[in-house]
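Undergrad: Here the structure of chain A is known, so what remains is to put chain S in place on it, guided by the hints.
For the protein sequence lines, the chains are A and S, in the order given. Using our numbering, the first residue of the first sequence is number 1, and each one after it goes up by one. Using our numbering, the first residue of the second sequence is number 1, and each one after it goes up by one.
Each computed DSS-like pair below joins lysine-lysine, with the alpha-carbon atoms no more than 27 Å apart: (1) 28(S) x 19(A); (2) 49(A) x 19(A); (3) 28(S) x 49(A); (4) 19(S) x 28(A); (5) 28(A) x 41(A); (6) 28(S) x 41(S); (7) 28(A) x 41(S); (8) 28(A) x 49(A); (9) 28(S) x 41(A); (10) 49(S) x 28(S); (11) 49(S) x 28(A); (12) 19(S) x 49(S); (13) 19(A) x 41(A); (14) 28(S) x 28(A); (15) 41(S) x 19(S).
Bear in mind the hints are in silico, worked out from the structure with no lab data behind them.
Number of protein chains: 2
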Amino acid sequence: MIYDISSDNIRNEVSETCKNFGLSRIQKSAFMGILPPGRRKELAARLRKVLGESEGNIQIFVICDADLALREVIGREYVEGGEEVVIV
Amino acid sequence: MIYDISSDNIRNEVSETCKNFGLSRIQKSAFMGILPPGRRKELAARLRKVLGESEGNIQIFVICDADLALREVIGREYVEGGEEVVIV
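Next up, chain A with everything else stripped away, as it sits in the complex (with noise of 0.2 Å):
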């Protein structure tokens, strides 16, 4: 789930929602977790609600196991108000 948002009240309600559907920060503007797909429509109807009018995108992608596998990452990966891991 990858999301440009400019209002710091919406971006944060956005954060708020998808750390109480489960799922961890991997960027500033990125999430990521395992949902069924039952819980990802809801996560999706609730974070529609959020933005609401205003101005924004969120964008929430389905990823496989097998394609999991092949994600790569490049420098330090965001660790929530802690130290960083380098995985470089």
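TA: Chain S alone, transformed into the frame defined by chain A:
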């Protein structure tokens, strides 16, 4: 491909690299496009070089057609230097 990079220069170099590989910007810090595996690996190597030892994080995800069909876009989609397209 999503990124979190604080240096303007490196961020610009990363976007230029993505454009050179034929990817399109889908958010301020996200590009997407179709690449054969060899080119994807070249892109990763190139981005690794661009980021070097600088602060930042770049992640490349592979998304198959079946997963892509489940993509959910909420709000206004990013259009490079132009007006925005509403897909709510």
